[in-house]
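Please put together the full structure from these sequences, using the hints given.
2 protein chains.
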Amino acid sequence: MKTQPRPAGLHGKGLADLGGCRYHRGMAEKQIEEGLEFTPKFDGRGLIPAIAQDAETGQILMVAWMNREALDRTLATGRATYFSRSRNKLWTKGEESGHIQRVRQILVDCDQDCLILKVAVDQGQCHVGYQSCFYRAVKSGSRTDLEFIAEKVYDPNAAYKK
Amino acid sequence: MKTQPRPAGLHGKGLADLGGCRYHRGMAEKQIEEGLEFTPKFDGRGLIPAIAQDAETGQILMVAWMNREALDRTLATGRATYFSRSRNKLWTKGEESGHIQRVRQILVDCDQDCLILKVAVDQGQCHVGYQSCFYRAVKSGSRTDLEFIAEKVYDPNAAYKK
Chain R
561 MKTQPRPAGL HGKGLADLGG CRYHRGMAEK QIEEGLEFTP KFDGRGLIPA IAQDAETGQI
621 LMVAWMNREA LDRTLATGRA TYFSRSRNKL WTKGEESGHI QRVRQILVDC DQDCLILKVA
681 VDQGQCHVGY QSCFYRAVKS GSRTDLEFIA EKVYDPNAAY KK
Chain X
561 MKTQPRPAGL HGKGLADLGG CRYHRGMAEK QIEEGLEFTP KFDGRGLIPA IAQDAETGQI
621 LMVAWMNREA LDRTLATGRA TYFSRSRNKL WTKGEESGHI QRVRQILVDC DQDCLILKVA
681 VDQGQCHVGY QSCFYRAVKS GSRTDLEFIA EKVYDPNAAY KK
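Residue numbers (the numbering used here), protein chains in the order written: chain R, 561 to 722; chain X, 561 to 722.
Incorrect hints may appear among the rest.
Which copy is meant is left open, because identical chains are indistinguishable; a pair holds if it fits in one copy or across any two.
To be verified - Subject to a maximum C-alpha distance of 27 angstroms in a straight line, what follows is the list of computed DSS-like cross-link-like pairs (lysine-lysine): (1) K601 with K590; (2) K601 with K712; (3) K649 with K590; (4) K649 with K601; (5) K601 with K699; (6) K712 with K590; (7) K590 with K699.
It should be emphasised that the hints constitute simulated quantities derived from the structure, not laboratory data.
Pasting the structure below:
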């Protein structure tokens, strides 16, 4: 039993205050943080952020959202399925482009409000043509300039055309 | 010039619809996605999610939020500074625990609504005592059970006590 509240905000707690998520103190918090029950916290919109990370290389490929159904489908099929807020429906990564994500492992963070999908992928996970959506970095010493840190690995016009 | 809208939701677009973020089509989208101007999209709350990733190992350590001031301070000092929604103020990672993050590189994704901080760290980035906040994984074949995939690397009670 903790007699002092734990120091809030000393790690990645920011996502916890999205929508319906709240801090959990005392035993509930301990269960969430140190227990072995998977109780993902969906926010007020019913969503949880998911980071797709290459299981082989550790490269972060993209960040998207899941609702309960997307997570269940991902768990059932082993293929990453997300929820598109813009299209208001589930989408399985690669359903149009062919660049699917085979899920090897799902990690959850301390307060269970963010997921990592460790995925096996082929070339080209970003719709712009790069392996990762994170193909640019802020130039050293600048706060306004980017530089490319990757090269395109496929032609998105060919992959996405009708 | 694109004559067809690009297929929305085929990558990590979910974060784009948070708050004030909207899809950008045509030239604006192309500039955001393929340009070299760093124009991070803060959401309706003035926040952008930031993933802290170990620059050496590729391990994802935590996920938090930044406002413009937190990002500017991070860029100016080279130490990761986030915005705590619960405390409604900036916090520099490690200001209490000593487990700071030295920022080696900042990556931005295609639509510039998510950041990766490549950081150099010492032991123990999670307040629970682990190196990463992601110290548990969903058990293979289960949708309800977790298993630990890491061991604690420091004693949080010692690090955070007054």
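How the hints compare with the structure:
no.	hint	in the structure
1	K601 with K590	within (15 angstroms within a copy, 34 angstroms between copies)
2	K601 with K712	between (35 angstroms within a copy, 23 angstroms between copies)
3	K649 with K590	between (34 angstroms within a copy, 25 angstroms between copies)
4	K649 with K601	both (20 angstroms within a copy, 24 angstroms between copies)
5	K601 with K699	between (36 angstroms within a copy, 18 angstroms between copies)
6	K712 with K590	between (45 angstroms within a copy, 15 angstroms between copies)
7	K590 with K699	between (41 angstroms within a copy, 20 angstroms between copies)
Violated hints for the displayed structure: none, as all numbered hints are satisfied.
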